[in-house]
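Protein chains in written order, with this note's numbering: chain A, 51 to 167; chain B, 7 to 120.
Since the hints were made in silico from the structure, they are not lab data. Hints may be right or wrong, so weigh each one.
[Stated by the list, open to error] To give an idea of the interface, some chain A residues facing chain B are shown, with a C-beta separation under 8 Å as derived from the structure: (1) 98; (2) 112; (3) 115; (4) 135; (5) 137; (6) 141; (7) 147; (8) 148; (9) 156; (10) 159.
Backbone N, C-alpha and C define an ideal beta-carbon position, used for all residues, glycine too.
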Amino acid sequence: GAGVSQSPSNKVTEKGKDVELRCDPISGHTALYWYRQRLGQGLEFLIYFQGNSAPDKSGLPSDRFSAERTGESVSTLTIQRTQQEDSAVYLCASSLGGGRPSYNEQFFGPGTRLTVL
Amino acid sequence: QKEVEQNSGPLSVPEGAIASLNCTYSDRGSQSFFWYRQYSGKSPELIMFIYSNGDKEDGRFTAQLNKASQYVSLLIRDSQPSDSATYLCAVNSPLYSNASKIIFGSGTRLSIQP
């Protein structure tokens with residue numbers, strides 16, 4: 051594909067349900083990031099995958115949040131037992147990754163808007 | 007903790023004037039510096055990048071980098087109402103060989119007044 055894609059674009063769920071969000075990065079991009087953005091707020095880093103290295107999970111807000119990535123392709127972010135405070139836009143971004151400065155340029159997907167009722 | 011700091015604003019600038027946005031960072035090993043623009047309800051989009059000390063110009067935008075002082079700035083000349091958005095500064099923080107983590111500032115909200 052030409053860019054980063056995310057699905058679903060919108061998700062409405064009931065409190066206590068589990069949700070799974072998907073990100074398809076640009077082909078060949080080894081780095082993948084997940085961010086959360088609450089209404090009117092900045093980007094909140096959640097997790098970072100770089101190639102086959104162990105992911106940086108330092109931004110995950112609780113053990114209800116987890117993410118996986120299969121090799122250097124699709125990633126899924128799972129939120130278990132959703133709470134109303136989880137309502138936000140979840141953004142995925144990918145980059146080439148690697149040693150050159152230009153490889154750090156991030157390309158963002160359109161986001162998934164999650165609403166927890 | 008590696009940090010990127012921005013003034014949250016809002017920064018209000020009259021139409022046609024120069025808007026100046028500033029960002030400071032803490033990791034002296036940083037090599038890549040990016041400015042993203044985010045309109046309300048949209049994803050961030052890259053508008054400028056700079057890797058070397060000095061100025062880099064692209065149309066009405068100029069990015070300035072001073073590694074000794076650890077700051078990067080974005081100037082927008084002839085500001086237009088369409089420039090009203092949140093501007094995010096992003097900086098790489100080297101981790102290990104051939105890998106970096108990108109750190110975003112919290113963004114500066116810019117409002118261009120007609």
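Now for the hints, and whether the structure bears them out:
no. : hint : result
1   : 98   : holds (6 Å)
2   : 112  : violated (19 Å)
3   : 115  : violated (18 Å)
4   : 135  : violated (19 Å)
5   : 137  : violated (15 Å)
6   : 141  : holds (6 Å)
7   : 147  : holds (7 Å)
8   : 148  : holds (5 Å)
9   : 156  : holds (6 Å)
10  : 159  : holds (7 Å)
Hints 2, 3, 4 and 5, counting from the list given before, are not met by this structure.
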